[in-house]
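Undergrad: Sequence:
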Amino acid sequence: MSTPPRALIVEEKPNPSSDFFVVPELRAQGYCIEHVSHSADFRQLDTQDAVLVFVRYIPSAWQAALASGSLAHSGLIYFSDDDLFSQAALKGMPLRYRWKIHKLAGRRVYRWLRSGVRVECWWSSPQLQARYPALQGRVIKPRPAVPEQSRPVTVFYHASASHIAEMRWLLPVMREVLARDPAIRFEVIGNPEVYAEFRRLPRTAVLMPMDWAAYRAMLAGGGRHIGLAPLLNSAFNASRSPTKFFDITAAGACGIYADHVVYRDLVCDGEDGLRLPMEPQRWVETILGLAAEEDRRQRLAEAARQKCRTLAGVQ
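So that you can map any letter, position 30 of the sequence shown is 29 in numbering that gives the first Met the number 0, and since no number is skipped, the others follow by simple counting.
If you are wondering where the hints come from, they were derived from the structure by calculation, not from laboratory data. Hints may be right or wrong, so weigh each one.
Said to hold, decoys possible - Using 25 Å as the maximum straight-line C-alpha spacing, the simulated PhoX-like pairs for lysine-lysine come out as follows:
1) K102 x K12
2) K99 x K12
3) K90 x K102
4) K140 x K12
With the hints as constraints, model all of the structure from the sequences given.
TA: Here it is, written out as structure tokens:
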């Protein structure tokens, strides 16, 4: 049985250009695919029998290695879904974006592609292909990913700046949860400090803080399944209110709450929510288990809604 050909996709980071165009095209051609970031040390890579596929950008260090012949390969492909060579096309773009294009693509890459190097150019549209006929490229069609049959589960933690300690406590918990279950997505609200902490987690959205009216409207949109309410022991936390129960319920979700005095009189463990000690591994396993049990999530969420109706005096 013959070994399939290898393709190394050289990309700045995971991106839609690769996912919608390059990866499907390479798979259709039977390639075994590996992803390589710009920051990787190409001297440590096995490129001997691989096609190198550059997505949009070619860092100068990679280009220099190719020019010197020190980077072995079995072929070169360059793909772009924007006009990255023309200054006129970039007119009006933010200065920072234009500088990035100048640094990673621009006329430098265009001159290299025209220098006689044997490279196959792939374009995302006939219009882009027509702009650079000298490169003799071909158009490849996008192939959007087919949604998986299993529905994703959104876990969320919506907190204010007064919960920074809880956010830091939750970070390794969600890192493990997301690593173990690719169907789980995570959503957190926070300022730039929170964004800096959580942005490296996969499938994680960091929302900016918003006013109460906007927040209530967002919750009403649904699409959230498990709300988290961790709470560490502190003098400030001892006198908090249990309003996260109402927020989580308004989102149509079931909640996992700290087994803290704040929640003990409101949340009936196992009936309209789950209460847990602040032990990270307990939270990891409980989130994973609840994400896999849709019926249980629905029962807990419905019981929480009924409790809120009762408290509001609505039958």
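Undergrad: It remains to establish, for every hint, whether it holds in the given structure.
TA: Here is what the structure says about each hint:
no.	hint	verdict
1	K102 x K12	16 Å, holds
2	K99 x K12	14 Å, holds
3	K90 x K102	16 Å, holds
4	K140 x K12	21 Å, holds
Checked against the numbered hints given earlier, this structure breaks none of them.
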